Each structure stands twice: as structure tokens, then as C-alpha cells.
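Asker: Single-letter residue listing:
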Amino acid sequence: MSLIQIGQAGGTLTGRRYWRSLEELADTPNFREWLHREFPENASEMLESRSRRTLLKLMAASIGLAGLTACRRPVEKILPASRGVEDYIPGNPLYYATAMELGGAAAGLMVEAHDGRPTKIEGNPKHPDSRGACSAYAQASVLGLYDPDRSQHVARGGRKSDWEEFARFAKEHFTGDGKGVWLLSGYFASPSFEAVRGHFSRKFPGARWVEYEALGRESIERGAELAFGERVETHYDFEKADVILALDSDFLGVDSPGLNAVRGFARRRHVESVKDAPNRLYVAESRFSTTGAMADHRFRVRSGEIAEAAAELAAAVGLRPGNEPRRAWVAEVAKDLAAHRGRSIVIAGRGQSAEAHALVHAINEALGNFGQTVNFTAPARQAGGASLGELAEALSAGEVKTLVILGSNPVFTAPADLNFAANLEKAGVTIHLGLEVDETAARSEWHLPQAHYLEAWGDVRALDGTASVQQPLIEPLYGGRTAAEVLALIGGYPHERAYDIARGFWTARWPAAEAERNWRRALHEGVVEGTRAARITPKTRPQAWSGAEVERGGIEVTFYQSPAVYDGRFANNAWLQELPDAMTKLAWDNAALMSPATAKSLGVANGDLVLVAKGARQAELPAWIMPGQVDGSIAVALGYGRTECGRVGQGVGHNAYPIRTSDGPGFASGYEVRKTGRSYSLVSAQEHHSMEGRPLVREATVDEYRHDPEFAKHAVHHGPAESLYKNLTFDEGYQWGMAIDLNRCVGCNACVTACQAENNIPVVGKQQLERGREMHWIRVDRYFTGSEAAPEAAFQPVACQHCENAPCENVCPVAATAHSSEGLNEMAYNRCVGTRYCSNNCPYKVRRFNFLEWHKDVAESTRMVFNPDVTVRMRGVMEKCTYCVQRIQETKIRAKAEGRRAIRDGEILTACQQTCPAEAIVFGNLNDPNSRVSRLKKLDRDYAMLAELNVKPRTSYLARLRNPNPEISRIDG
Amino acid sequence: MADLAIRQPIPLDPPLVEGNRTYADITNDVARLTERKPPRAWYIAIAISGTFALILLGMLTHLVATGIGVWGNNQPVGWAWDITDFVFWVGIGHAGTLISAILFLFRQRWRTSINRAAEAMTIFAVICAGIFPLFHTGRPWRAYWLFPLPNFDLNMWQNFRSPLMWDVFAVSTYFTVSLMFWYVGLIPDLATMRDRAATPWRQRIFGALSLGWRGSARHWNHYEKAYLILAGLSTPLVLSVHSIVSFDFAVSVVPGWHTTIFPPYFVAGAIFSGFAMVITLMILVRKVYKIEHLLTMNHLENMCKVLLATGCIVSYSYAVEFFTAFFSGNPYERFVFVNRVAGPYAWAIWTMFACNVFVPQLFWFKRFRRSVPAMLAISILVNVGMWFERFNIIVTSLHRDYLPSSWGYFIPTWVDVLTFAGSIGLFLTLFLLFMRFLPAVAMSEVKGVLPVPAKAVRQ
Amino acid sequence: MSESRLYGAVAEFQTPEDLLEAARAMRQRGFTHMDACTPFPVHGINEALGIRRSPLGWLALVAGCAGCAGALLLQWWTGAVSYPLAIGGKPLFAFEPSIPITFEATVLLAAFATVAGMLALNGLPRLYHPLFQHQRFQRVTDDAFALVVEASDPKFHATETPALLRNLGAADAQLVEEGD
Amino acid sequence: MAVIFSRSADKYLRLTVLIALFGGAGAIGLIAYLSHPAVRDTGYAPAQPVEYSHKLHAGNLGLDCRYCHSTVERSAFAALPATEVCMNCHARVKKDSPLLQPVRDSFATGAPIPWVKVHRLPDYVYFNHRAHVTAGVSCASCHGRVDQMIVVKQTAPLSMAWCLDCHRNPDASVRPAEQVTNLGWQPDRDAAEIGREIIQAKGIAPPTNCSGCHR
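Residue numbers (the numbering used here), protein chains in the order written: chain E, 1 to 973; chain C, 974 to 1432; chain R, 1433 to 1612; chain B, 1613 to 1827.
Note that these hints are calculated values from the structure, not bench results. This one's a predicted model, so the numbers in the text were calculated from it and none came from an experiment. Ideal placement from N, C-alpha and C gives every residue a C-beta, glycine not left out. Heads up, some of the hints might be wrong.
As the list claims (entries may be wrong) - Partner residues are not named here, just some residues of chain B that face chain R (Cβ under 8 Å, in silico):
id: 1; residue: Val1615
id: 2; residue: Ser1618
id: 3; residue: Leu1625
Use the sequences and the hints to build the structure in full.
Answerer: This is how it looks when you write it as C-alpha cells:
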């Protein structure tokens, strides 16, 4: 067997040069055998046993799964494979390109695997949307793979069954023309799946297909259809936009399916000198989103009034005749937009109506943005079919003989008015394919375990049409299958295995001679060449815009996608649950976010349970006072309050779906909100939200900056920082340092999750979080400034600052924390006795203590996610950010082994830096004046937090700039 | 040199021992306490305190088995009740040596009635104190790493720049020296006990413990010299210990900790709390054992005066602390003090002010200085106040330091509470055992200050 | 007992003043091998018996200096020689942060030396002593003041010396043997 | 008064104290000696499931270490060979030897041979073979003259202090890369001088800070 090593990956994915396709490996019997031994079909029993752990540990040639303790010479065995696995070098990680699908769009990924188990996810630099970065969802998905609560076997009527039985059943059951057969799935932007689906539809022409995503893009798609008369995909090029108006759009947060928006936006926030002009962002929104936090002007507008504001704007840009806008800001923003014709973007949020989207398209066209900042392609996904409402009706009418649900959980996520759970009872047979035994599975005749994307073959398109092939990194842990496989099985598709389906689809498109080469190339690169959709220039149709009817009655409720659990599907992912929300800083919960004034009028305080009701539909939600929220409107994240879920997510938070109906999936008015008199404990990772006038996040307007470029350095006046001693100097060899650009950070939390995955950071749970024992090595501090009603927000990622005069080091009695010659503040866990003195003496409070044995209850299967290059810390020791010293050491060793004396700039990326879509974090050698980090630190915006303590931190910040429109008095009206 | 325990007419008024006692009376009065069945109150007391000592054992076992997480400590409050209790006990441990050493050097003869018990109290308080730094570590089984032992495996040493290392040396030295001081002081009395012993076992035990002391003039010659040197060494030692404990805080960068006034402030506070504890215990001891003639009202009044004086120093230190914070112009420092009086833990500092600043002022009035119930109440309140002083310094400073994003709140757990209660139990248990089995008053020293007996009378 | 050698004579006095007087008188008569056993140190007895000042002070000084030097050496050697570590940007060894430990070690060693020296100079611990055989000796730790004249004194006489002591006011004077 | 202790008690007391002092010192010395890594950890030579002789293969037959431990230059781990590596030769050589039965079984069934680990480091120590081998540290520096061992035995303490000795004074332990697996290499001149030149040329700076090994 010969393996083809397809050369070296270029440029930015530094240091990881051997990533090859898994396909060759997967085809070799030896590898299969090895994988089977590692992860047998029947892995579940073994996964919980000790032998599993021992085996893994030994297979990994003893890299540590275990903690710090070492006994005296226990007999330890090494079990080398009987037959070598080609090109697998024990101890060296392998990298494979794959892609994750979420909400109908692909995130191109590069997955690191140690000894056959994926441990870490990075963005694929060659993928047009990822470009090397990665979201928190994708980062955490590797934990989802090992979730011991995943569905582990086929079940029929609640009893254990198997795939063979299902296959027999399917063969008998699916006959005829398919009348009465309904299929329900989420969005699938998968070309090969579409082929299978096409085949199925041809075979069963009577079958009906429903695509439903609780957090879908329906209004966006329909809006485009309204505007252009055809389905198109809109692409915003934020990198080219000078002025942006976001109308209830959290495009830097949960409203963008990909990372391009953040990247493009952040690049326009890169300011090297007073000559650079950053973009200007106006945000009109009801909920204080992360996009709102980045705004130069933020207008608090109820979601229900956004369309009206858009109409005023349309008039103001001359699209339609109209009066002077009622809202003063609209006029000013319109002027600013008009002054930047072709260099501006107006974008509406996902929750807004199709009509509003259509109107915004017209505005962009009027502003000359089409073809400049706003572009179009054909949609990546073939949409179509019936709506969920139609399915509910059919169910209710008893017309559904067979319902096949592929990966969706409609019982939990369907709009409340459809009474889906009740209607489902009326279906003849329900077949549910899912990663977990969820609410829908519990009500289905058949439940089939779904393969996680990291254990499945498949393909998926990015929004711009670029296709990626998904390749597995591991055999299915629990014998799961993909949706394509299931559909192929019941539809009698020529290929049954996901691999054959995907490969067959693609190779059929290539000339036979090139097929093999192209396929390998696609696997290697992570993208299929030439699949990017061509740009089109659709024309807007004249619209009958009748003016928006604004409902103003009652309290408005807006529903938003949880940055943690998405629509509920990640509820069992502990990393995501523990991730503090960027704005509220709440973890392990959602809440009814309301403005201080609204809370006052309702008479509620933080944690008070309120009953939000509209007619018979009601939900009990804990209140959380959120400055910046528009008055009279409540925002609530979806996806919490799962009832049929794994041990992590069961019962976490409160379910808001019961008050969300088909006619108001984004927002709706007319709710009544009542105090219940009971309260609930909400846990916020940050208890204080003001900087107390301290110069922590330093910011200025662009004008102020031009007037005083070094304003950040001038923010603190203090005497000369002197020491009693002649301090040690660090000026030889590599001197590591970091620069974080506060102007770019959008608070997306990807860095926090990336760090968690890279550094084996434990999850502590809500109770311990409440006690103040979070373990994240990097956190994103969020401060409010300004008034409580109309605050501004600022983000500041804080990890260990690696002070040269580190106060923590001085006080450690056992020298467990000391400095390396390269300026790293090191923490030797195995030396630590746990006095916590270092943590007390850390002005940045970035040290984390293992108050309990956090890993005690971690399932054996979940332990497979551990990065073997980082020690798993035991209880009683302190830990903290190491600047990813394992990556530094590995790179240095490799460079030496290759005979290089120096490491290239950018060859070492810290985990937080690598994943950051905003490119806000730069790490490198300060001793090299030409390194990126050195150049950034020379910028006039550079400052060190708490420099007045003379601790000489190695991490410094680039001060934030705001670019307000001088015509609009500071923020909001 | 050997004139320290001069046996001349003592021109003191009032007398240090009341009721025309003879030498033999003194011996009898003191030794009898250990020779006959203790009063019922003793049994009740030891049953209660012993139970709490066992609770301490249980809590520590639970702690070691489960982790520091059983306490309420968190980020940012890395130290809370653990170190508060430590400083509290170390502080209490200061009175004994102070009475023994400093009052000795200052020729304060009234010390002789109380020094033995006070020294014992010191040792037991330091034992209680030592528990906390040991068990507050995340991995107490690695605590031996805190000592510079040769190690062939690691070739690693300690960081002697860490105030915690200074603590290790200071507290262990203090304990060792106090123990030696106490024991040296006990030797002549142990010999007395040996010579009075009625049973062979008592004879053997006291015979061994007294090391063969026979009161020879040569013995006394070296003994007095040694005692003087130990007193001379203990005096700076006792001052250094709490200074070094204060360095744990003063040497850090934490606002509210990083203060130059801490060493004298801590020492004054330690004497303050130590004397309060001595008063509390002495009141109970003289009552239970009916030795009011040895522990006279004059003794108590003297101690009340010390309490008043140190209380004033402590109050002044509080004022200076606030002034320094204000005058420094350092916003972080200023904030801490505003936060102390008006923040979430304001109740703690106001408790402290009430107990430490206002209550002791009552001792300006002789009425209170000579009223046993008043003394008892005030001395207990002072120790409550002193516990809160340490709580304020530690928790209130830590819970809100530099970055508001990392501010937090500390809530104790039941383990915190029971561990502290258990340490009080251990302390009292040890003290009760001491009262039961060892001479609680330094007989040989009291005899030295006895008012001239007409003629020593013997049966 | 009968074969045992004589240790000396023990005279018992009721007050320290009597003891002092007797001791001075005995010394005037040329007795040199004498000792006094008292429940508390009696002022003037050293001069009366000719006991020299205790050298413990010098011992403590030497030990204290050793502790001081040892601690400094330890801190310098471990921090700057044996395993130099960059800690807090501070020099590997500096005098200022070494003061507390140096001080403590000084006190510790001096105190050890003092106590050990006191015991050694006093010949303690000593479980047996001929005087313990004396019937009334137990009173010297209570309220009796004993003057001991050892048999090794050139002027000692088994019958005269006790008589002499009685003459000097001793309430009781007896011979004590070495014992076995 | 009654005499509590007899005259001879002091003799026993002094004897006891002396014994306690010397005995204590002796016990401490003994414990220190036995727990010294050079004593405690060296000499471990467990029986292996296959009586494989390094002396025969690496010494007499002159197989290069890397023939079997093929990953030393590429990975942190010096992997043990797959059974098929053994069978490369033993399919023909001594193919009926009963000693090789476990090897043949493993090859036939695919079950790994359960070799017993000899050189073991704690989980929190990240030793990297690649870094050492490419720097020119010979296998023999840590593993001893394996080519002379019939049964592999741990010869070095592998303690942190022992590692540090070399990291602080690496000169004598660094040799030309091509001599790394030549366990019996005799330099023609001063080894430390050769080492110094290589260290200069390659820019080797062995870390003595914590994260060099602990991550």
C-alpha cells in the first residue's frame, strides 16, 4: 500500500505540515483493524471500562491521560500494533481537513488527531469562510463527539434494536409511490445528500419533504425572493464597507452563519496610525448584541419598529417619496450612507420579516452597493418542499403514514402553535435519526443513532457554494449513520455507505482520469476546487411596500439564537454550557433580558421568575436586567430547558419555544409579563460591570486619537516605575509576547473554547461557577460604560499577561511558578502545593485553582478529547495560561530537528490566536523587531494594563477606537 | 544576674499574692489542682471541647479527601477563613510569650501568676494556627516541600523570597522557642510535682519530665541565665513573628494589603487579642479552680490596662490605614477602604470597629477594669473583633481588587465554620488537659515574689 | 547500702536567709564542695557558695552567629548556585528578602544552644542522684532550703559536719550515701 | 523520699539517647540512600514476554537502534516495533524457534505483544526523543549500553536532578548525529570539546526552566 503525501500545506497553517487524506488509510485493512480495535462498533461498553482507558493510554505510548500522581514502578505494558499503521507515528498528531455543517452552511475545519482520536479543531485556512478561524460551536463540537450520552443503538418502540432490523423494516415498509410519507430535516447544504434525496424523490414521488430549522434563514431567503423574484444568496463584503447600518442584525454574532463578516469587519478596524480610517458601524436593535457592543452609534429600537425605521431610511435615501424621517438618527445615518455610495452596507437581522429584507435590498441598491459591498450568488442549498405548518396540518389530519425525521428535533423546536408533539402522535410510523435520544426520539417508533460529523463521510457547501468533503477521523463510536446513509437505505440508493455516496457523487463529476487525483486533492485541501458559485447580478423588482404595520401593544419578546446551545442541539455540550455569554456573562442558563426601566416597571430584580404569556401560551423565565436592552422588549435565548437530553443539558435553563409561534419566530408583541414571586439562581461569570473609572479598556474616538495618538499611554499618570532591585533582563533568544487589539475583538468567545480544548481545561458546572471557581484560562471581560439606559460595551480578552516582574512568582514558596529565559511565566503543576498565594497576588486574576477533582466525573469516553501534549491537572494545584507552551516547545524542537536555528514569525500560533476570526490576537517573538507582534506593540495605541504596578506584562493591548458621526450626539436618542 | 527572682521584701502594693500564703501553701494550692479529681465543670468542658476537636479532625479529613472546594474559597478570594483563622490564632499566641519574655525583661513581677498558663495558651494557639497553613494547601501531602530538605530526585529548593517561606520559618521557630521556653520554665515545677507524687506512675512520669532537677544552686545559676537569654531571644522573636505574618499581606501587590504600617499594626493587634484571650481564660480558670488569691483582681486589672493600651494602638492603626489610603492618591487603595466601610462586607468592618475600637474604651473606667463580668464580655468581644479584623484584611481586600471583571463574593460553607469551631475545640481541649495535668501557675516563680512570710511554717 | 560510699551531708533550713547565713559560714570555714538545693533561686547563694557566672551567653552568641551565617548561606546557595530560577524578575540572591529567615534561624539556633547548653552544664537529664535518697529531700522543691556538703570536700567529716550544720541553724542534718 | 529511678537508670538513659541519635541518623541515611533515585530506580529489569536479547540483535548482529525504534528522529516517542518488523527477518530466520512463538502468534492473530515498559517517566514529564536524538544525545546516555544487555535494565535514575545535570553541562553528552546510535562510540579526542563544537554549530540550548519538560 502506498500512501500519497500530497505535499505541504502552505502558509498560515503553520507547523502542521502533514495533513493528508484519511481515505487511503481508511481503505487499508490494517488501519481498519486498528481502528476497530481502538473503537469497536460495540464501543459503548468498553468506553466505560477501565480497560479502555488503559488501552488508550498505552496505545498513545503512555502520553498522559492520567493526572499528576506517579506511583513507584507499577508494571506498565506497551502494546505496539501487530502490524504498523502506515505513516502513523506514535505521539505525532495527524491533521485532516473536514467540514462541519451548521444551519445549512459549512465551516471548513482542520482537525488534529492524536493516536486515532480527534482532539482539537481548527479552521481550515483554505476554506473561504473559515480562513483558518473557527467558531465556538465548531471548537466545542469535538467534545460532542465523545459525549457518553449520545444515542448508542437503534431503538424500536423504546427497546434495543439494530440496523439489520431497521433495514428489513425499511425494505418492507417503503413501497409504493410514497404517498403519506413525509420527510423532515434541517438544512442540508450537501450536494451528495441532494443527489440521494433526488433519487428518493424520483422513487417515491408522493413523498413530501419539509426543511425546518428553528433558527433558519427563511426570512432572508424569502426577502431576496421578494426583492429579486428568484432565490439568491447575498454576500456582504464588510471589508470594503466604510459605513454599515445593522438593522436588528447581530451580524458579528449569531446572525452570521460564517466567520467572514467578523473577519471583514475586524480588518476595517485595524488602525496602524492616525492616517488609517476605521469603518463606522450604526446599529439599531432591541437586544444588546455583540454587534451592538461594536457599534459607533447604537440606537435602541424595538424589533417591531425596525421595519418602520427601514422604511423611513428608504425614503431618506430617495428610494421612495416620503416625509422627513420621524427618527432623527435615520436622517443622519442616511446622509452618512449616501456620502459613502458603493462603500456602505445596510443589513437586516434574521428575525426581521421578508418584506423588511426586501426593502433593505432596495436600499442597498439605491446606495450603489450592489456589486461593490453586496454581492449575490446562486444559493448553496436547494431549498423547497413543504413547510412545517403543512406537515403539522397533515399530521393533525392523520394523513402522515410515515414520518422520517433526519437529525431534527421538532418536538422541542417547532413553533408552539403547531402543537407538534401532540400531532406527532397521529403519525403512522415515525422514524427519527439523531445524535441523541431527544424529545422527538422519545416520541418516535424508530430511533436511529446518527453519526457525528467527525465520524462520517459526506460533503457540505459554504454559503458561497464552495463544497468541502467531510472525512471521518474515527470510526463511528456508537455505530451511528449519516442522514444520507439512512435516506439511501430507505430509498434504495445505489450506494449505501456514506463514503461511497460522497465519493461516488464527486468522482462522477470529474473525468475518470482526474477523478482520483481530484478526490484526493479535495480531501487534502478541504475544499473541492471549482465549486464556488459564480456571482450573479439580480435586479430588484418594484415592490409594493405598504409601510410596516407596527404592533406596539404589550411587551415585545425577541427570540435569539443562543451563542452556547444554538437551537438546543448543543445543550449536552459542557464546554458550550459553561461558556459565559459575551454580553450577559451568564453561563448554564438563559434568561428574560430586560432593560432596567422595564424591570423597574415590572418590579423584578435579577433572578426573579416572570411568567411571559400570550393567550394560553406561556413560559416561565428568570429575569436578568440588561442595560442597553430597549424598554418594553424582552429578549430570550432559545434552546434551553431541554427535557430529553443527556446528563449535562437536561433541565438546564428555561424553554422559550412554548411562547414562540409561527407568525413571530424572531419577535412578537403583545406579551404579558407577570412576576411570579419566585426566584431562580442565575450565575454570571462577571458580577461587576463597570470599570469603576479604572483605565482597563482604554478607548477614544477617532478624533481624540488623531489629536493625541498616544492617548492610551497617557491614560495613567504615575511616577517612574522603579524596583528595589536590579531586575533581571530578558533580551536574548526568543522573547514571547502577545498583542490584543481591542478594536477588533467582537467578543465571540471562540478563543475561550479553543483554549479549553487545547489545554484540557475542565468544566466545573453551574454550582461551582456560582462559587466563583471557573477554570477558563482566557476570559473575555465585558464592561459597560455610559448610562445604564444607553450603555456602550467593550470587550477585553484577558489571559495570563506573563509579567516579567511577575508578582505571582515572588510569593510562591516552592518556586512552582517561575520565569523561563524566554519570558514565559511558567507554572509547574507537579511542583505546586496549592497555597493560592499566587492567585491572590495576581492583579489580573487569571490564575485558576483546582478546588476539587474536576475530572473525577468525566466519562472515560470524554477523556479521549484530552490533548496528550498538556498535563491533566489534579486537584489542589494552580493553573493558568501558558501561551500554549506545548506548541512553542513542539515548534522549537521541530525547527531544531530540521536544522533551522530560528522559528519563522507566525510559525507558532496560540490556540486563542489561531481560532480568532477577528485576528485580534497576535503572538510572537518580541526580540524580532520585524515580527508582527513587535510591530503591533510599536503602534501608538499600544498599552499595558496596570503598567503602573511595574509588573511589565508581556501581553499588551491596542486601545479601542470609536468612530462616531460628529453629526449625531453621542449614542442613541 | 541571679537576682532576678529576688526574695526580698517586695515593696509592692497591693501584694501579688493575697491571703498571707506560705511557700507550702503555694505548692499545695497549685499542685493540688492536678492531684485531685477535677471539678465537674472540667468534665463538661472537656466533653464539649473534645467533641469539637474531633469535629476538627473530621473536617480536615473531609478537606484532604475532597479538596479545598469544601471551603468557600474561590477566585478571587483565594484565602478566606483558612488564613483568617491562622492569623487569629497566631495573634492569640502572642500574649504568652509576651508575658513571659517582655514583662520578664521589664521586671513586671505580676506576670508570675499568669505566665505559665499564658505560655501554654501560646503553644496551643500556635498549634491551632499551624493547622491552617498546612491544610489550606491544595496538596497537604506535599507540604514537606515547604522545608529545605535535601532532595535527590528534584534538586529543587524553595523560593526564599516568598513571605510564606518566611512564615514557615517564623512560625516554626516561634513554636519551637516557645515550647522550649515553656518547658524550661516548667522543669522546677515538674520536680515539685515529682516530689509530691503519690503514685509510682506519677513519680515516674514527673521524674522523667523533670529531668532530674533538684534545685541545686548550680542548676539555678545556668537556669536563670538560660531563662534570661530565652526571654531576650523571644522578645524580638515574638515581634518578628507577627511582623512576618503581616508580610504575607504587606509584601503583596493587593490593594489593602500592600501597606507599610502592617508590621507594628499586626503586632499590636496580636498582643491585643492575646491579652483578651488570656483574660477570658484566666477569669474562667480562677473561678473554676478557686485560685483567686493567686490570680488576683490586680492581675486582671493590669491586663485590662494592657488591653486598653493595645486597643488604642490598634484603633490608631486603623485610622492611619485609612489616612494612608486617602493620602496615597492611589485609586485602587482608596477604593478598598471605601469598599470596606460601605461595600458588601461593611457589616464586618463595623463589627470590628465596635469590638476593637469602642468597647475597650470602657476600660478607662476602673469600674469595668475590676468587674469580672465586664471583663469577660469585653475580652470575648475583642477576640470577635480581632477575628473580623483579619477577615476584613483578607477577604475584603481580595474580593474586589484591580479588575472589576474579576470581583467576587465569598460565602463560607459549613466546613469553614466547623473547622474554625473545631480549632477552638482543640485549643480548649489542650488547655483543659494542661490545667488538669500540669501546674498551671509557675510555683517556683510565685514563691520568689511571695510577700515575706513571717516565718515559713511547716506542718 | 552499707557498702555504699558516703555522698555527703544535707542540712535543711526553713528560710533562704538561714540557708544563706549557713552557707556563708561554712565557706568561711573553708568548705568548698558545697551546693544548695532550693525551691526557687535564692539571691546571693552563688557568691556564698562561690559559683561562677554561667557561660551560656557566649554559647548562645556563637550558635546565633552560626544560625545567621547558615541561613544566609542556604538562601544564597539554593537560590543562586544550586538551582538558579528567574523569579519575579528579581536577582537570584539579594540581602533584603533574606532578612526574615536569617533572623529566625539566628534565634532558633541560639535558643537551641541555650537550652541544650543549660541542660548539658547542669548535667541533665539525670534520673538518679544520691540526694534523692534523702528522706526529706523532696521538700527542697516545696519549701525547704537545703545545704549540701559533699563528702569529697577535704574538710568533710561524717559526724562533725552534720553537727556543724545543725549548729548553724539547720532544722535537720543527715548523711546521704552514694546509693546503688 | 523514695528513689524513683535506680542509679543504673542514667546509664540506660544515656545509652538509649545515644542509640536513638545514631540509630536515627543511620535510619535517615539508609532511607536517603534507598530512596536516592540512583539506587531506587536503577537496575529494573523486568522479564519480557519474549526473550529478546538486545545484546544479540544490537550488539552481535549490529542492528541499528532505529531499525526497530524507528520513530526516534521523528516523534517524541521511540515507538516499539510492530510485530511485522520482527517478522521481516524471522519469517525466514529461526522461523521455528519456540522462543519466537509469541511473535508468530501475534503476527497471526494481530494481538499485540505485551512488552513491559522499562524506562518510565511520570505523566507530567514530556521527554522528547526527537529533540535529544537530533541534538546528538546518544541512546546510551539515558539507556546505557543496551547493546550489551541480554535483558534490558534501567541504568540511569531518570530523575529530574539527573536530567538537569546534563541540561546544565551538556558538553560531554553531545556527539555527532551519526554516532548517536553507536552506543560504544569512542571519540578520538576530548568528548566535551567535540560536544561544545556541535552545540555551537547547532545552537543547542538545553532548557533548565520548568516548561522545558512540564507542560
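Asker: Does each hint hold? Answer for all of them.
Answerer: Each hint tested on the structure:
| no. | hint | result |
| --- | --- | --- |
| 1 | Val1615 | 5 Å, holds |
| 2 | Ser1618 | 6 Å, holds |
| 3 | Leu1625 | 6 Å, holds |
In terms of the numbered hints stated before, the structure departs from none.
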